[in-house]
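Novice: Single-letter residue listing:
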Amino acid sequence: MAISVTINGEQRDLNVDPDTPLLWVIRDHLQLTGTKFGCGIAQCGACTVHMNGTPIRSCSMPVSAVAGQQITTIEAVSGPEAEALQAAWEELAVYQCGYCQSGQLMSAVNLLKSKPTPSDTDIDQFMSGNICRCATYVRIRAGIKHAAAQLATEVTL
Amino acid sequence: MQFSSGAHAANKADPSKGLEANAFVNIHPDNRVILTIKHLEMGQGTYTGLATLIAEELDADWAQIETVGAPANPEKFKNLLFGAQLTGGSSAIANSYSQMREAGAAAEQWQVKAASITVKQGVISHAASKRSASFGDMAIAAAKQALPSTVSLKDPKDFVLIGKANLARKDTGKTNGKAIFTQDVQFPNMLTAVVAHPPAFGASLKHVDASKAEKLPGVKAVVTIPSGVAVLADTFWQAKKGRDALSLEWNSPTADISSPAQMAEYKKLAQTPGLQARNDGDVAAVLGADKNHLIAEYEFPYLAHAAMEPMNCVLQKTAAGVEMWYGCQGQSWDQAAVAKVFGLAPERIKINTLLAGGSFGRRAGFTSDYPVELANIVKAWGKSAPVKLVWTREDDTQAGYYRPAYVHRLAASLNSKGDITAWQQCIVGQAITGADAKTVDRLSVEGAANLPYAIPNILVEAHNTYNAVPVSFWRSVGSTHTAYAVNLYRRASPPRQTRSA
Ligand code: FES
Ligand code: FES
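Note that the protein sequences, when read in sequence, are chains A and B. Going by this note's numbering, the final residue of the first sequence carries number 472, and the count climbs one at a time with no gaps. Going by this note's numbering, the final residue of the second sequence carries number 507, and the count climbs one at a time with no gaps.
Be aware that one or more of the hints could be misleading.
Covered by chain B, per the in silico footprint, the following chain A stretches (three or more residues, Cβ under 8 Å) [stated by the list, open to error]: (1) 332-346; (2) 365-373; (3) 402-413.
For the record, the hints were derived by calculation from the structure and aren't laboratory data. By construction, the Cβ of each residue, glycine as well, lies at the ideal position given by its N, Cα and C atoms.
Okay, chain B solo, but in the shape it has when bound (with noise of 0.2 Å):
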């Protein structure tokens, strides 16, 4: 199976290739322009929105635009707004609007100098001479030209693809079955590992007995790991047998966790003063003059992805470091937390980037989970032969980095016009960004600091709650509660004569 890197053939050295325009735009002499899109493709529709961006720009013809995920190269390809390779906040069109506009304009002026030439979906045109080529037909010939110095961009009114609806989508092969997720990488010496995790946060392995493991057809490799204990296989279906044959002892979890004991918990912290994340006016004046406010507590648990595709990863050891295949959302932390397992610099841990079948923020995590677990199997086993780690549902269910729990309490005041005079969240579970008990989590009260009301008097308040449960971003992150939880209470706090906020 091949997988194209993204990183083009250095055809400044051999133009026969055609022009590698820059690291976004590579024009193949038979007419292809394979585009590399920086950021992962998960269903959101990246591949298709980026292209349209260059395509805009170098008046190709919308069909012979093809789309590759771009490798880690985190210099090439960061996100211009986090300065990291990275794929979320919902920034991929945000940070690359005109970076791929520029990219298109790049290429398209490369291959095309004269003023007298016009460029339209994806034919060269000279009219006084009558003269026509395709981007194909120019490619080698540009390739041997210098790089254009400037580039000018259209005016938004001469927009043909930019804004246009239904354009066809450019992450091809999700209807016959041809599209490659991780979950298809195939090689042929791969091994498929299956881990067994320990059975509750916070515990680990005490003793494992792999002998009966060991025996059974197709079993390599039985290896401990920080996270576990894994079994390699020939196949996914006998390194699930290999693992249902391990024989466990786990030691018990070091602190006991419950729901309900979390929530009292979490409900008692809420009606004490926490960091303050906002303090407009003066809150307890207001409250404290109004006897009738409606004080009311929200709920919310721990959510899993459940990304339809399982996590999974690729990796090989090379003679050049490490070469990995999969959905990979944040590039920078992967290969640094990769890196680090195997002692190697960052710029020796080659990712290529495949289509995700679903993340929702799952991918892109502080502590690069999945991706490190793979690192140790293959670090502990201490072969070549690339492996492929697979979770199966129950391991993605239990493995977390979910949602956090939160409770958050709302009181709020009303003057006799029904007008909002003074607001009070408090928020209440853990930090995803792991902040310590004196700093605000940015995330946890993302869409509750920022209230757009105009209020007079605001107070929301944070507490950071410590667990062994595995926390991370989940898709709008810290909106999915905090503006559930706002709106609730503005829809339950009765007005008393009409509401203007």
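This is chain A alone, in the form it adopts within the complex (with noise of 0.2 Å):
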């Protein structure tokens, strides 16, 4: 069955299974392996892609359900507080081994996006889906912090 859903600005017509998650037609039919698998049960947050600008974890989403949305993983979310968050990850050397962080960097766009200067508690709360097994927590709102700022200070100048 042919499904129809625009991934990072392109139209892409697959032929798979309606049941198939999302995640599995970016890794194996797109080849965009940026977005992690984890878990498979929405637990873990590393599969975190945005739907519409939204965060959704594409492991527990139907390819189905998404049809006609706009799809954004990591290979192409841009924008200023995407910028501002990669800048920061890599000048607090935020990350270890890395592969809970694209899901990471998605979720925390989001919550610059919609809180420009997250407290401590706001950034516990709208990043606790988000697991990461090295335990890099204190450096991942650091590093939020640090973007925050950072595009405080754009925005001023």
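Could you use the hints to bring the two separately framed chains together as a complex?
Specialist: Structure (structure tokens):
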């Protein structure tokens, strides 16, 4: 069955089983491997992508449910929040193994869009669905705050 | 998709590719310096750490350094502390400190011979003639020169990189989706394998009916292997649906195991004399004379590594032997184990080492379980397309290679000043090394047998236990439980006056 999904701005007509999770369409059919498989049951956040700008767990979303929607993955995420976060992640060496970090960044982009200057509690609450087994949580928090500060200076300039 | 294998082009035959100074340093004419890192990058930062050592002596510019994981080649890339190609024991810097600096120094001196020349941040300068060149400019010419016979290392006071914080990381691609983990390996005709494992440790396959699975779209083969039944399909989802469609019957496990029964058995054992790991002075006499000594028992459960990236591996049969791509932590062990499955010499197993999404000890194990599982799948299947073995999170959690469960029993005596005069610790659990019932497993007692306190009477004993639950290294190994028990006990044991131990 052909399903049409817009991924990273490009319309893709896919011939896949409708119950195939979006994650595996992205990874195995479109070969965009930045979005990770961690649990497959919406418990870890490694597979986070944006649907119409909102974070979703792609492992638990059948591709048929996202037909006609706009999906963005880590490979194409853009805008001031994404850029500030990616720069902060490198500058503060936030990641360790890195396997969870695509998902962390995709969630963090939305956090900063909805709350440009999040508190520790805001960060902990918003990011709680993204597990990091290397336990980089302290630096994730610092990275988000660093990016928020950078964005604030850009706005006032 | 291209993977650099780390085994650089034989540019002694073709100097136009630049200078392959040694196993670790490759200087390209385009001025990139590619360093081969012999330890697995699993999040601990070893690509940055080892690169720092080489770049320091090479006087390279940090920005021109790139890194690649070393392929399996124990002769070139062994851990100098273990004598095998293996990442573990927090030993990457310790075993490579001089080796990496010498590799960097040799590469620098190969390019630059005259004493009147200086090198700084990747620029080679001759002050008298006011000429300068980049590493890339010199790479082709240097490749035609003979190796320097001796190298001299920097005085630590001249270090510009070693010891400096905040060097940009060299395990790049982790913020834009570009970093390639095992899970991300793609080849045009690659299949994905998902395996149905026995539902209990020690259980075995009785019967499989794969007729439904074999009819599903994308499913290419179903093969029975020693560790279960594997479904091979074009994509992960098809393979997983194939596994779900298998009709399986299992033989019951050879022995029943339950956590409460195991803990009860361990606690009984802890009260009996065990294998002596350390025996200083006369603990029995001192404890026997002290009616007030405190006895404490600590229970430790099995622990799963639960690396963020569930276990996985890619393997292809080739004309030359076998080629593999994965976050390999113990190349020497895996090479030998996979070679055995195929009846090949270990050097015919080519392993390309990729980034690992965490490991915490899981990817290094005496049995090389998941590489061997994939080798058995490909051997049973008999074809030559590459196959990616993917464990689901459930597979990863249930498969084990846990940190063993333990019971610790501690007793100590204090004198009137509060000093500890006798210390007894008995540790009961499975031996990671597989030690027999007469041999102390040094990994079970590390952190206890080498107790650093000045106590005149110390007795540390261990009982090795045996069951079907697979156990292995878990980060920091013995100290995860020994240090914990020791320090809990020290806090629990009431000081009579002060504590000087
Ligand atoms: S893989 Fe989707 S939440 Fe874990
Ligand atoms: S960086 Fe390793 S799991 Fe988050």
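Novice: Decide, hint by hint, whether the structure agrees.
Specialist: Each hint tested on the structure:
With 8 residues bearing a CB less than 8 Å from a CB of chain B, the stretch 332-346 of chain A meets the requirement of three and the coverage assertion stands. Proximity of the stretch 365-373 of chain A to chain B, defined as three or more residues with a beta carbon under 8 Å from a beta carbon of that chain, is not established by the 0 residues found. With 7 residues bearing a CB less than 8 Å from a CB of chain B, the stretch 402-413 of chain A meets the requirement of three and the coverage assertion stands.
Against the hints set out earlier in the document, a violation occurs for number 2 only.
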